[in-house]
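J.: For the record, the sequence lines run as chains D and C.
Numbering-wise, the working numbering puts 48 at position 54 of the first sequence, and it's gapless, one number per residue.
Heads up: take any position in the second sequence, counting from 1, add 217, and you land on the working numbering.
By construction, these hints were calculated from the structure, which means they are not laboratory data.
Being a predicted model, the structure only gives us computed values, none of them experimental.
Accuracy of the hints is not assured; some may be wrong.
What the hints assert, rightly or not - Far from chain D, by Cβ distances over 10 Å, these chain C residues were calculated:
| hint | residue |
| --- | --- |
| 1 | 223 |
| 2 | 230 |
| 3 | 242 |
| 4 | 273 |
| 5 | 297 |
| 6 | 299 |
| 7 | 320 |
| 8 | 357 |
| 9 | 369 |
| 10 | 377 |
| 11 | 402 |
| 12 | 405 |
| 13 | 446 |
Stated by the list, open to error - Sample of chain C residues at the chain D side, in silico, Cβ under 7 Å:
| hint | residue |
| --- | --- |
| 14 | 364 |
| 15 | 367 |
| 16 | 368 |
| 17 | 387 |
Ideal Cβ placement from N, Cα and C applies to all residues, glycine included.
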Amino acid sequence: MKGMIRAIAILCLLALLPVTVLADDSYSMKQDGFSTSYSYIYDYWGDVQEAPNPYRVSTVIDSMTIGLDKLDGKRMSRPQSLFVHEKDLYVADTFNNRILQLRYDGVEFELIRVISEVKGAEPATFNNPYDIAVDADENIYVADYFNYRVVMMDKDLNFIKAFTKPTDSTYDQGLDFLPKKIAVDVAGRVYVLGANINKGFIKYEADTTFTGYIGANQVSVNMAQYIWKRYFQTKEQRAASQSFAPTEYENLYIDDEGFIYATNTIFSEYDLKWDKAKPIRRLNSLGGDILIKNDRYPPIGDIWWIEEGTQYLGPTRFTDITVLKNDLYVALDRTRGRLFGYDNQGVLLWAFGTRGNVEGAFTSAISVEHMGYDLFVLDQVENSITVFTPTEYGQMIYDANETYLNGEYDRSADIWRDVMRMNANYPLAFRGIGRAILRQDDFEGAMRYFEMAHDQESYGRAFKLYRKQWIEKNILWIVLILAVILIVPLVIGRVKRAKWEVIMHEQSKVRQ
Amino acid sequence: MSRAKSASDSVKALRAEKRKESWSRYLDSLRYSLHVITHPFDGFWDLIHEKKGTLAAAHTFLILFLVVRVMKLILTSFQFINAPIQHINIFEEAGSLALPFLVLCVANWAMTTLFEGKGRFRDIYMAMCYALVPYILIQLPMVIISNGLTFEEGSIFSIMLSVSVIWCCFLVFIGLMQVHDYGPGKTLIFLVVTVVGAMVIIFLVLTFFSLLSDAIAYFVSLYREIVYRLY
């Protein structure tokens, strides 16, 4: 009886097995692209690998620490943007209608001045300044949102000129000019991201003339969608569903070479993986996207996510981007308050951050800027700026990258070895070491490292050299074996034929 | 005594003879696969109707096919196949091919018997297994050769792989045509019907197991309830 019960119990367990396997909840964790770790990277298979922290919080500054309460008692109110010019950090204190200029000496912040007026402008005050930019001559540009202008002033705050609504016919005159984000290039050209403008960035020459749009988002419609909308929907349905309109950008940044890095947050989450959404773009002067994507996954932030619906879910949406030295770029995700660093090939260097209200977490991150390798992240709800400085590990990644780009391959490999000691799951380190020892003619070693980095093409290059070397070393044996294979059947054939002839000869003798 | 001994001897001899005969028949049927893949029309006809094929050979080909498949994942040069070796379970890999293969055989048999197909299940299975031979003959050497090819020469590898697969598909088509004595059009239709049938079978099996696990869960909870009441 007992045995039978046991047998039944085992059977039951067996039957329940598939059910319990499906109920494993680690799967949903993986879908959200996040382990419980603060810092991570994705490995070749797209699995989250915990990583050492590339950055640590050096300080968090808010209205109190920079002495705003002593000044006029007005704390920061929903600041929207940061801008760094040399040692100065500008903060657009949007809902207080002013700009704060802070100086950072690497440790401490000092409030230099509060910019709330432009001398000689009409009106002189700001109305919700959303963004700021400073050019090489320290002229300050402010996106003065509800005054419908981008105002330019010199460093002593004297009004120079204003960029206003274009009178061109390509600009819909029924729409207000609402400058939300601005960027200025070396020639003084101003690029404006206007709210409700979906034709791309509005471009002005230095003399305030409007010269058209740049980088319009392409309208994406697939065949099935088109047929469905065109032939099967009723008029009411068509009116209710959204029209095929290109979307607005979210933010922009001009790098040292004058290319615009733009982020885009309005897309269908299903377009992300196939790189149709292109949340990060690098625009050339014609508006074409020239961002390099040489990794297995395009730079889209998190690779896995739970479908949208609740607040903290959905794909990564980059609200700001900043470009460091050597075309490394850091993008800020507002969905989960994470920072993603990519190198110039579009390979993920690190990802870290989370939502929350402890140090190093953000409630509503809105803007990111850099000074050297330090990062500043602005939180619009906490009204604070978190300052991150690279850890030893983070600095080594940067150094290895830089030495490699400078052509110091051996030095770079040494640094990558140190990185590997801290993080054995870092594909870039394996690739870096592989490249260096390939140059030192250690083909087999290079092959091993490239295999660990899952870099098939580089492996192929190393293997080609290895094969050449191997053939040169063993050429004697190869020739010998080939000779044996060719000659032995020949000899056997000869012998057989000779025997056959002998037999035939004998037989013919017998017959006679 | 001696007679009994001689009788048992002769039985032994007979058995040995028989074993030898079946062994040579098995080898012949293995060798015959080369004829089948090069002359599919005659080959498949004779395979079934002239009893040139054996089930043992068919089993051999199926097993070899699975082995080659697993070897391909593990032994191909890293440049061409980058499989997550740490996650590969060879039985899972083999099973994920063998099961659909058998389900397709069953589905094909089930559908064609209803529509005057001449083939028995055994014939269908044999034809399908013999159709796998090009896969084995091409992919196994390619797996070995791949370790001497570089990334740029990879096109040879991929072309040979696709040749083997296309050849197999062609053989399956001809094989089923000959086994059932169908025309090409009817064979094509029944290939589609077979796939649908296989889906139905999988659906039924899944439903059955899900219902079974529900039923067992019911009895388990019933048993637990009774136990709690009694003690």
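J.: With reference to the structure, classify each hint as holding or not holding.
T.: Verification of the hints:
1. Remark: the non-interface label on residue 223 of chain C is consistent with the geometry, its nearest Cβ contact in chain D lying 41 Å away (cut-off 10 Å).
2. No Cβ of chain D comes within 10 Å of the Cβ of residue 230 of chain C; the nearest lies about 35 Å off, and the non-interface call holds.
3. For residue 242 of chain C, the requirement that its beta carbon stay farther than 10 Å from each beta carbon of chain D is met, with the minimum near 30 Å.
4. For residue 273 of chain C, the condition that its CB be more than 10 Å from all CB atoms of chain D holds, with the nearest at approximately 32 Å.
5. The beta carbon of residue 297 of chain C sits about 8 Å from the closest Cβ of chain D, which is not more than 10 Å, so the claim that it is off the interface is violated.
6. Residue 299 of chain C, annotated as away from the interface, has a beta carbon of chain D within 10 Å; the closest lies near 6 Å.
7. Every CB of chain D is more than 10 Å from the CB of residue 320 of chain C (nearest about 18 Å), matching its label as outside the interface.
8. With 10 Å as the threshold on Cβ separation, the claim that residue 357 of chain C sits away from chain D holds: the shortest Cβ distance comes to roughly 20 Å.
9. The claim that residue 369 of chain C is not at the interface with chain D is violated, since a C-beta of that chain comes within 10 Å of its own (minimum 7 Å).
10. The non-interface label for residue 377 of chain C is consistent with chain D: the shortest C-beta to C-beta separation is roughly 18 Å, beyond 10 Å.
11. The Cβ of residue 402 of chain C sits about 31 Å from the closest Cβ of chain D, beyond the 10 Å cut-off, so the non-interface label holds.
12. Taking the minimum C-beta to C-beta distance to chain D, about 27 Å, the non-interface status of residue 405 of chain C holds against the 10 Å cut.
13. For residue 446 of chain C, the non-interface assignment is confirmed: its Cβ lies about 17 Å from the closest Cβ of chain D, beyond the 10 Å cut-off.
14. Taking 7 Å as the C-beta contact cut-off toward chain D, the hint placing residue 364 of chain C at the interface is violated, the least distance being around 9 Å.
15. Nearest Cβ of chain D to the Cβ of residue 367 of chain C: about 4 Å, under the 7 Å cut. The hint holds.
16. The criterion of a C-beta within 7 Å of any C-beta in chain D is met by residue 368 of chain C, whose closest approach is roughly 2 Å, and the hint holds.
17. Proximity of residue 387 of chain C to chain D is violated relative to the hint, the smallest CB-CB distance being about 31 Å (cut-off 7 Å).
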